[in-house]
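Q: Residues 1 to 394 (this note's numbering) are what the sequence shown spells out, left to right.
No lab work stands behind these hints, which were simulated from the structure alone.
Ideal Cβ placement from N, Cα and C applies to all residues, glycine included.
Heads up, a few of these hints could be off.
[Said to hold, decoys possible] Taking lysine-lysine pairs in the DSBU-like style, the calculated list, with each CA pair at most 30 Å apart, reads: (1) Lys329 - Lys380; (2) Lys351 - Lys297; (3) Lys380 - Lys24; (4) Lys346 - Lys258.
[What the hints assert, rightly or not] Cβ-Cβ distance ranges computed for the label pairs, FRET-style: (5) Pro193 - Ala354: 43 to 49 Å; (6) Thr382 - Val27: 15 to 21 Å; (7) Ile384 - Leu353: 18 to 24 Å; (8) Asn46 - Ser388: 18 to 24 Å; (9) Lys208 - Asp253: 21 to 27 Å.
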Amino acid sequence: KKSLIHLASGDLSGEVRLWDLEIKRSVNSWHASDESILEIHGHRNNAALLTQCRDGMITMWDMERLASGCEKDAEIREIPTDAFHFSRMAIAMDAVVSSHPPADPPQVQQENDKEFKEKERLSIKKQKDMCGGLLAQALIKDQEEEDDDSDDDEAFLNREVTNPALQGSSNSSLLLAPCDQPEAMALWDTRSPTYAMKLEHGVDAHLKLGMAMSAKLWVPEAGVRSAWAPPIALIGHESGHFYIWDLRRMRADMLFCKKLFQAPVMAFDLSRDARRLFAAAVEPSARVYNLDLHIRKITPCSPPLPATCQTVVHDRTGIGHLALRPDAKLFATAGWDFRIRLFANKSPHFKPLAILRYHDATVNALDFSPDSKLLAAASKDTKISVWSGLFKSR
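Please put together the full structure from these sequences, using the hints given.
A: Here you go:
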């Protein structure tokens, strides 16, 4: 009987293992690269497996052949990214779009279009202190060009999707991958030989955004997209800045950016409706934010959540990874203090639920099973832990 529960892992030597979680054994292992494995994802509804390595290559593997114990001829294709740094790829999320837009705050509902534009323009100018004058000027110029192209904000929100990569009936082949520019990323359709577009901020390098450390790709299926929820790419940078890109056109438009942390954004996750963001950095605390694409605004909705500890033994204050459970009831953080922490996804306090102690080194990766029953974690101590029965979903 074939198992339906598999876990894939990669190590610093370029070795990949496929584990059967029903029999708790490795069913296949193969040498994917001479460099370390950075990221692994199921792809095309888990019919394929993607591995990203430090040699700049993303490789697609046939999952059926791998699960049967045969790695020969399992490689489907390679995607050369020309990226030799630590940025991680991201596949399209299982997005959900509400049939109604988010409720605007009362003060926004009372404003007419002209007042809203002026308020937005002033808000962009205030980003000079946050991002530097050059970025603020670029944002103001983009806003002025948008004003010239459309009569009001509704025209911007209701733009049609003209990006060919997003006009198909399925998003299962979409991939957001690093590229030759450390601060940029590229959108791929893995059925095509070249990338569809590059997401680059296009301003002076003196802004020092640094490397694109983490990313998410939120693309609703073509038949359920809405004006207030366009297909977007979300990228967290080494500088602590967070960018959101509108992917509807051939040239990606920056919706907005915000500095969330004073340190690199190591990991973040997004609710399926793209209205809540969970983020962590090289800092001792994680944060939760409300995300409103309709008015292009991101606001904190949680206090700083302690996700690492400082003791004589564990003097490390950073978070290596973060994951939201598929049922959206809780989320987990992987600490540089060797611990995994669970938090309730319930405002306003996002109560800490548990601290899981097992690993003897930094925890670098987390992932929940699709049915929300299992949590897997990988550590620098070369061990993988699998946890079950954690505040069961009802």
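Q: May I ask which of the numbered hints given earlier this structure violates, with the numbers listed in increasing order?
A: Structure breaks no hint.
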